[in-house]
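Starting from the known structure of chain A, arrange chain B on it as the hints suggest.
Respectively, the protein sequence lines represent chains A and B.
Quick note: the first sequence uses my numbering, first residue 11, plus one each step.
Quick note: the second sequence uses my numbering, first residue 98, plus one each step.
No wet-lab data here; the hints were simulated from the structure.
One thing to keep in mind: the hints can contain errors.
Stated by the list, open to error - Partner residues are not named here, just some residues of chain A that face chain B (Cβ under 10 angstroms, in silico):
1. G23
2. S26
3. L27
4. G41
5. A137
6. A170
Stated by the list, open to error - Calculated Cβ distances over 12 angstroms to all of chain A for the following chain B residues:
7. V105
8. H117
9. Q144
10. T261
Note that CB positions come from ideal geometry on N, CA and C, so glycine has one too.
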Amino acid sequence: MTEHETLPEDQPGPRSLTDLFFTFTWLAVQGFGGVMAVAHRELVERKRWLTQAAFVEEWAVAQIMPGPNVMNLSLVIGGRRFGWRGALAAMAGMLALPLLLVLLLAVAYDRLGQHPAVARALRGMGAVAAGLIMAAALRLSGGLKGHPLGGLACGALAVAAFGGVALLHWPMPFVLLGLGSVACLAAYARLDP
Amino acid sequence: MAAPGPLVLHGWDWLQLFGHFLLLSLLSVGGALTTAPEMHRYLVLQQRWLRETQFSSSITLAQAAPGPNILFVALLGWNLGMNSGGPLLALAGVVLSLTGILLPSTIVTHLASQWGHRNRHLRAVRAFKQGMAPVVIGLMLATGWILARTPHDSGTNVALWLLTAVAALLVWRTRLHVLWFLAAGALLGILGVV
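Only chain A is shown next, with the shape it has when bound in the complex (with noise of 0.2 angstroms):
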């Protein structure tokens, strides 16, 4: 049917229940200061189970339902070929880990926290990962080639939505619904029936 329109055959997917779980547990432990970055590189880059366009598509998702972003992102794809089981063998990859690392941080922290050498370290690694998110919002913006909004609007949408949230300070709920809606109007008055 039109299965084929979205995942070709020699699309690469996850293969099982404990494939998901690694993925995901490997992209998280790489995730600091934020996944997202790291799953856009594994996902769309490394294993190629998504196109830069269905990664932008399944992101869109991600982040106009509740949930934490990268959660909903595991969960979406982990569902896509194995249902619940999938959503929640990459949910608990994305969480298990982490949890155990974050957790023995917190029991770190209160004797390292306050030397400065760690709070310098941390500082550094805080910039770098504010410049992989950027970097892979550049890489994304790849995918709107051939968008049937044309590029000089999607621009426009993109720069409008980083000065709303960036340099306003409005809330990004409102942001992502407001503009958000503006554009799907225009994307279905563009696309064929």
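Just chain B now, kept in the frame of chain A:
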């Protein structure tokens, strides 16, 4: 001096906490940290179950550790349990908090995503996904920007901005593994360059 409050939870309190997190889960559109202000109001100001420093260090630690940022909720649960008795209660607090904040949103998102996938040929579903794409990319840039700006609240640090910009450019343009960049950031921090 204001009363320090009990800093201890009893049976009924845990149930209230669970209910509060279940509700917040459905309201947490836009990411894990959007609910943090409401959690702060409830846990620190209203119920006085957590100290101010416990709340802020939970967020900082979860940001610094690998993994999803939502783990700050696990640390809140951990601290609530430690305040109430010790490590066993703390583990119970972790499970209760994480389950509360994740269960409702997971069910809703899973059902919506399965529905959207079954109906992906519909014009409305295609328009939703394609229309959201440029907005989502703009928001992603904004997230990076906000994270990059936070340490500059107490004065601009040019070297730190430069590190963010160079990391963004190199990750965009090369295929080096991200852990190399994070290690470099940590090293530059320890050496006092940034």
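Hints, verified against the model:
no.: 1; hint: G23; in the structure: violated, 13 angstroms
no.: 2; hint: S26; in the structure: violated, 19 angstroms
no.: 3; hint: L27; in the structure: violated, 15 angstroms
no.: 4; hint: G41; in the structure: holds, 5 angstroms
no.: 5; hint: A137; in the structure: holds, 4 angstroms
no.: 6; hint: A170; in the structure: holds, 7 angstroms
no.: 7; hint: V105; in the structure: holds, 19 angstroms
no.: 8; hint: H117; in the structure: holds, 15 angstroms
no.: 9; hint: Q144; in the structure: holds, 21 angstroms
no.: 10; hint: T261; in the structure: violated, 4 angstroms
When the structure is compared with the earlier hints, violations turn up for hints 1, 2, 3, 10 and for no others.
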